[in-house]
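Work the whole structure out from these sequences, hints included.
Number of protein chains: 2
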Amino acid sequence: MTQITESVSALIDQFARLPGIGKKSAERLAYHILRLHKTEALQLADAIRDVKENVRYCDQCHNLAERELCNICEDPRRDATRICIVEQPRDLMALEQSSAYNGLYHVLLGRVAPLDGIGPEHLTIEHLVQRVRTGDVREVIMATNPNTEGDGTALYISNLLQDFDVEVTRLARGVTTGSVLEHTNKEILADALSGRQKL
Amino acid sequence: MTQITESVSALIDQFARLPGIGKKSAERLAYHILRLHKTEALQLADAIRDVKENVRYCDQCHNLAERELCNICEDPRRDATRICIVEQPRDLMALEQSSAYNGLYHVLLGRVAPLDGIGPEHLTIEHLVQRVRTGDVREVIMATNPNTEGDGTALYISNLLQDFDVEVTRLARGVTTGSVLEHTNKEILADALSGRQKL
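Line order of the protein sequences matches chains A and B.
Heads up: the first sequence begins at 1 in this note's numbering, then just goes up one per residue.
Heads up: the second sequence begins at 1 in this note's numbering, then just goes up one per residue.
Hints in this document: simulated from the structure, not taken from any laboratory.
Treat the hints with care, since some could be wrong.
Mimicking BS3-like on lysine-lysine, the simulated pairs with C-alpha atoms at most 30 Å apart in a straight line are [stated by the list, open to error]:
#, chain 1, residue 1, chain 2, residue 2
1, B, Lys198, B, Lys186
2, B, Lys24, A, Lys24
3, A, Lys52, A, Lys24
4, A, Lys38, A, Lys24
5, A, Lys52, A, Lys38
6, A, Lys52, B, Lys23
7, A, Lys52, B, Lys38
8, A, Lys23, B, Lys198
This is the structure in structure tokens:
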């Protein structure tokens, strides 16, 4: 690739460092940028810069924010007696898109993962306990990922919260809407059976 | 998506405008940028800016360049008696990667496509004729895309060049190395038969 210009080569390298973008896709993206009108291409560059300069974590729930508080914590219509615990801001976005929840959140910014050297002290758990202690929280909903580390994190937090007058719940587990039982694995079916509900 | 910050939303929109990147991938890329260290993220922003500010077309062959001439036209070891005609800079890169060619190039920056309103006057064909007239070119190799428009463009150019003392050739067509005849279509097999070579 000695025949490519230095700037184009640098741009391909930068694109190729993004997740899910291989060498070929990075080349295609770079050539797309080359063909774009300058103002359009700079909009992407500026959007990246803006995000890094303006986006911070919410002082209350650690969601993404552009002020001290995020849009959710600032919204007086949200039910402040409920806190839903998620690992990352994108989990929060997924839950928001379901439109099924009207309470507040607490973003852990990770999960307890001893094998990766991530202990509870690396997360925002201490701040969560403080919120539960000082606020009028009545329910804490665990929405960490339904896998070993997510479940472990939820268990750790629910132990911490057992001395408080707060109900700790977790997302329901069972078969997924639209799936077929025949192709559903045994762990999912066991969850669905043990958590069966009255019709 | 009212709960997302304005900057993040703008970045997702910008990523989603890139070719081959859907809404979900754009979200994943934006969250990746959010997690990156600021200097790393700004490297991508700067790479985009650099490309738009530094990259131009070579004055001689219209390849991408950062000076008047591209790296290939500047290289005295290249054989200036041969010019290979391609549609776009990325076609040139593909040929360069084969390491099978040591001559110069001429990038048309498109192909004749009457249905899209692109006539020969929108391409760099006039400049090519001038190069053939004034240089010591002995062979012009057509490497436009092997489809209707590419072939039409090559035919148009070879007609223009027939009064010059220059050999006009085109890339060989046939079966592709590594393919299986059983799954090769009849056009390819017809090309391969009519262009058959002595063993």
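Outcome of the hint check:
no. : hint                : result
1   : B:Lys198 x B:Lys186 : holds (22 Å)
2   : B:Lys24 x A:Lys24   : holds (20 Å)
3   : A:Lys52 x A:Lys24   : holds (27 Å)
4   : A:Lys38 x A:Lys24   : holds (23 Å)
5   : A:Lys52 x A:Lys38   : holds (22 Å)
6   : A:Lys52 x B:Lys23   : holds (20 Å)
7   : A:Lys52 x B:Lys38   : holds (6 Å)
8   : A:Lys23 x B:Lys198  : violated (38 Å)
Violated hint: 8 only; the structure is consistent with all others.
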